[in-house]
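Sequences and hints are given; from them, build the entire structure.
The sequence shown begins at 1 in UniProt numbering and counts up one residue at a time.
Mixed in with the good hints, there may be bad ones.
As the list claims (entries may be wrong) - Cut-off 30 Å, straight-line C-alpha distance, at most; resulting in silico cross-link-like pairs (DSSO-like, lysine-lysine):
1) Lys-60 with Lys-71
2) Lys-334 with Lys-60
3) Lys-344 with Lys-60
If you are wondering where the hints come from, they were derived from the structure by calculation, not from laboratory data.
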Amino acid sequence: MSARRGCFSRWGFSSRPHRNTTQVQPAVVPLSSESELVPCFAGELAMGEQNPTSWKYTWKITNFSSLTQKKYYCEVFMIGGNAWRILIFPKGNEVECLSIYLDAPDSTRLPAGWSRSTRFRLILVDQNNYGYSRIKETEHNFTARESDWGFTSFIPLSEVHDSCNGYLVNNTLTIVAEILGPHPPVENTQLAEPPANIPQATPTDTFDTYFTNLEEIIKAAQSSPARGGSNTSNQKSVLSTSEAPTLEEVENAKQSLKECLSDIFKLNVKDRLAEAMSTLSIAKSGLSLDQQKSVEAFWANFDEFTSDFLTFEQDNAEFELQKLLKDQMFATMKKNHETHISYKQLLGDLTKEEEELNKKLEEVKSKREKLISNWEILMVESEEAKSGHKDQAKKVAEAEEKKRIAEERMSRSTTAWSNLKTLFG
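Set out below in structure tokens:
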């Protein structure tokens with residue numbers, strides 16, 4: 001097993017990252033309902049921010065203590081068009097420690113000489129206090145020879161199973177792989193058929209997985225009952241005065257109290273309420289017995305009651321603000337999910353168009369190949385004609401020379417024949 005330099009984490013200088021070399025057939029642990037892939041942004045997420053600085057994949061393993069095989073993989077997840085998965089040894093990779101690695105599952109299908117340089121973090125989550133989570137970070141150039149990389153001695157098994165720690169809660173272990181950006185481009189070389197035990201993934205699987213989870217959150221939010229603030233109770237308070245008010249003052253105080261009760265949160269309402277209750281508390285007429293008792297009861301606890309309402313006003317305003325922000329975020333999620341659906345439809349149209357173009361391209365390639373073939377045949381025929389023409393030129397020269405000799409002979413024979421005919425004809 002090869003080793004590389006260590007890396008500094010929240011827990012100090014961590015154990016050295018290693019490649020897993022154990023040749024044991026792993027088991028694939030299916031995704032639980034809580035496993036998810038989410039984007040991470042630098043600092044607070046700004047409205048309209050598009051490019052995440054990293055992606056986090058969370059893998060929750062239930063019934064951890066019941067795992068019997070030597071090593072397990074999570075299901076394949078896609079980031080930046082590249083396939084990844086987490087590999088763990090629940091009982092340690094030949095050590096008394098939990099062993100965790102990041103693995104490139106498509107290594108056997110990638111073209112010869114491929115490489116993928118990646119910086120990543122592996123996190124064992126403390127489910128009671130995330131601040132105590134065990135975090136280790138490293139960087140590795142993944143290749144066919146070193147297709148997985150991580151930490152053989154990530155954390156002692158004794159610490160994992162220690163109930164004082166929050167790593168194993170309700171027999172569930174949570175592991176996070178964070179792939180830090182920027183992401184390398186997808187290898188654009190044709191891949192071989194994938195092995196049967198590795199699911200074929202497409203570059204859009206990351207989007208489908210993320211927005212499927214987002215859709216479930218939207219549905220859950222829509223189906224949950226709306227919660228609002230409670231209504232205010234009737235106001236009752238009084239400040240005393242030294243003299244009994246007139247009947248007109250009592251009626252004015254009752255009208256002021258009525259206005260205060262209609263909107264307890266208006267400006268300076270406490271002073272107005274105190275003034276009205278001051279008058280009514282010493283009124284000798286104009287109030288029923290029940291009204292007098294109500295005024296006296298409220299006045300006895302005036303400061304406490306008004307403080308309660310002011311506290312409620314502040315808390316209710318905070319609630320309404322947070323609810324408004326939540327509704328805005330929900331509207332953004334819903335709008336983005338609808339945009340995701342339209343993107344999928346557009347991608348389908350582009351895929352069909354691409355298939356048609358590829359079909360036309362194949363036809364053009366076929367015509368081109370046929371043209372090149374005919375051209376080569378034409379060149380061969382021309383070469384044969386050229387060679388034949390050269391041979392025929394030699395033969396013509398030879399025949400011409402024979403003809404010249406024959407003509408000379410014929411000329412002598414014709415002269416002799418003419419003389420003979422003249423003498424005896």
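Does Lys-60 lie within 30 Å of Lys-344 when you go C-alpha to C-alpha? This hinted pair holds, its Cα atoms lying about 29 Å apart.
Restraint status (C-alpha distance of Lys-334 to Lys-60 at most 30 Å): holds (26 Å)
Restraint status (C-alpha distance of Lys-60 to Lys-71 at most 30 Å): Status holds; Cα separation ~15 Å.
In this structure, none of the earlier numbered hints is contradicted; all agree with it.
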